[in-house]
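So the chains spell out like this:
2 protein chains.
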Amino acid sequence: MEHSGEGYDGSVPPRRGCGPLIAPLSEASRPLRQQIFERVRAGGLMPRVQVAKELGVSPASVTTLTSELIEAGYLEEVAGQREAGDGGRGRPPVALGVRPGAHFVAGMKLSDSFHTAVIVDFAGNVVASEAVQVPPGNHLPETLIGACDTLLADVTAKAGLARRDLSAVGIGVPGFVDSAAGEILWSPILRERHYPLAAVVAERTGLPVLIDNDANLVALAELWYGVGRETADFAVVTIEHGVGMGVVINHRLYRGARGLGMELGHTKVQLDGALCRCGQRGCLEAYVADYALAREATTALNLMHKPGQPMHVLIESLYDHAKAGNAAARSIFRRAGRYLAVGLANLVNTFDPAVIILSGERMRYDFLYAADTLAEMDKLVLNTGRPGPPIEVHAWGDLLWAHGAAALALSWLTEGLFSPPREMAAQ
Amino acid sequence: MEHSGEGYDGSVPPRRGCGPLIAPLSEASRPLRQQIFERVRAGGLMPRVQVAKELGVSPASVTTLTSELIEAGYLEEVAGQREAGDGGRGRPPVALGVRPGAHFVAGMKLSDSFHTAVIVDFAGNVVASEAVQVPPGNHLPETLIGACDTLLADVTAKAGLARRDLSAVGIGVPGFVDSAAGEILWSPILRERHYPLAAVVAERTGLPVLIDNDANLVALAELWYGVGRETADFAVVTIEHGVGMGVVINHRLYRGARGLGMELGHTKVQLDGALCRCGQRGCLEAYVADYALAREATTALNLMHKPGQPMHVLIESLYDHAKAGNAAARSIFRRAGRYLAVGLANLVNTFDPAVIILSGERMRYDFLYAADTLAEMDKLVLNTGRPGPPIEVHAWGDLLWAHGAAALALSWLTEGLFSPPREMAAQ
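Chains as they are written, first to last, in the numbering used here: chain A, 34 to 460; chain B, 34 to 460.
One chain only, chain A, in its complex shape (with noise of 0.2 Å):
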């Protein structure tokens, strides 16, 4: 994971919540105390006998090292279940769970829409959310910065903590981002490029911040609370204003060379095709997200976009007028099916992924992930006498987007807690 947030040195901040104080641990055996974490905090409350069988080494160990973990305030036990059948003689069994006050995080998601936040504890839960409406279009930086300080002070208090509780904040947006250097390349909600948001939003708020496209994090939410505890390798399609992509390998956020995130949205679908307001032609993106679906509607429907109206507003009215069967409507839809048909059976050709989950709000929506389309992508992807990955729809809304944000968050402050001295590294 990397690390974001300039104006901090990287090192995780001292804890000033409630709750002992986080020794920093050994270094003899970093790699398995961290897997071990990690491997609890995935499954939620498990048994030491069932974290030795996962990873594969000897009980003895784990005993170990969890009393290191549970020393240093991170891992707690939990009395477990009763198996049914077992009498009700014994000792009740005894599961490992992240101690949950250990630390917190905020996570937030900025959109064209709405801007969402949550406060999640250390395992992993949230505490509170809060969400708030957002005039459609670009904005100012300082309007930007303005709304994620509001928003985290509200969300904070909600979950009965102040700021200097907080560890650490993930943010999401839409667009280009370097995570690893905390910038925004290019954003549809921001007017500037190159925005340095990491940096700033953490001299204002004095917390280290990560952020990351917003794709991204849906992954790393799958990754963390989803399908990624079964899958090492799968993607994350999003479909809401844009098109976006997260690719999960080897339980891993891939981000290519530049560290910049997959892009499927902007892959061409058509050779000089509909303009994208990326400014390029024939991106998928143009043929699939809310913009393109408005445009068409507005060509042939006489449906408006009026100024300041939620874009859903339109699509739902869209929406209707293809279940009412019209003719137009239905092709708008039909089209942009096809299209996400391309898109998909391309991702599959090129990436091979064990699971495609298609998320976001317009999942409510079944014109894009109808029958149709999906056996269009079957058409289209290689015939090698195997099935394709299978599609799952997960319509979550916002909140996981701002999970996901979160997730980012406890990543890099796992990371600091666990990371040893360079040099011990190379072992």
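Source of the hints: derived by calculation from the structure; they are not laboratory data.
Think of the CB as a built atom: it goes at the ideal place given N, C-alpha and C, for glycine as much as any other residue.
Check the hints yourself; a few may be wrong.
Pair by pair, the computed Cβ-Cβ distance ranges are [as the list claims (entries may be wrong)]:
#1 Asp411/B <-> Glu225/A: 57 to 65 Å
#2 Ala186/A <-> Val82/B: 50 to 58 Å
#3 Thr176/B <-> Asn416/A: 23 to 31 Å
#4 Pro420/B <-> Ala112/A: 35 to 43 Å
#5 Arg226/B <-> Gly292/A: 48 to 56 Å
#6 Asn283/B <-> Pro92/A: 27 to 35 Å
#7 Pro420/B <-> Glu225/A: 19 to 27 Å
#8 Ala333/B <-> His284/A: 49 to 57 Å
#9 Pro92/A <-> Pro92/B: 35 to 43 Å
Once you've looked at the hints, dock chain B against the given chain A.
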């Protein structure tokens, strides 16, 4: 590295050639020992102090472990070059190298015009090579196996070795190959689908046999002997009779969820587009590969592909027409170049490799990677304000492909030599 070769239990056969018997190594420090071996093999000759520095471990550890590796017959000491200006004082420096004679493997590339084979020593040096012309089109399995067997005998004899001196055979074929299962799902050179090539050749030759998609093996050759020495993530795109791709992520060949590797040539660049030999429409290959150019040449220039004539004769003629200013010929190459630009741009947007290598025989011609095509690609790649990945052209011949097949055999061999019993692996 997956293992293959049904009929084998996965263990490396005992060394039967010249040189000391390879003793199994103790298990105490497996990962670092293997890392040292692989670093030395990648680097050619390397002083101990450089190995220690590159792996970030103590020189004492490297000294201990290299003694074991020398004892086991895998590494040897080689007198290094005196550095200029040291005045010739003291002992000449000593470098470590892989002991070439410890093992020999064969690598073969099967195609629809030439089969190529090499014998490679344990250090990765080509000891002998051989090629044989074959009639185009697909073949019965017996024909292919027979050709493999004869070619293997010829190249082994040329190296002054007997078949029993070989430790493994790697084979690359075009098409969809399940490397782990040793099975060809579909290949344009084979008349049967779902054919267990590895097991059949293993039975015929009495040797462990690994197979893979040919483009994957070009990527493996680059990983071992080329760009992979400096770069962790890259893609190799091969343009020959078809369009292939091999992807390396974090120094490993990436094969995707179904183990088949990536198929850029069958990504769709045009909905309902040109017919591909895979039976689908709009594949990149259907615009860029030999047969696509030949199809258009037949239509517009009345150039005919005579049965039995190698395809490159027709392409060469088409190329001559284009150079002489023929508008139709130029238009054929122009369109192929534009669609190639779409395919490469989509690759950048969904994988963002550090480098893209264009490889294959056809790279001798400049029509596909001309300035026009690269400029077009730049226009189609995400505009992040940062330059896209560099495109390198490696116009190596079939020998590289066979060398990659040998690297597949060496990878398998190395994994077998260093892999500990299952229960040790978890640490």
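List, from low to high, the hint numbers that the structure doesn't satisfy. Of the numbered hints given earlier, those the structure breaks are 1, 4 and 5, listed in rising order.
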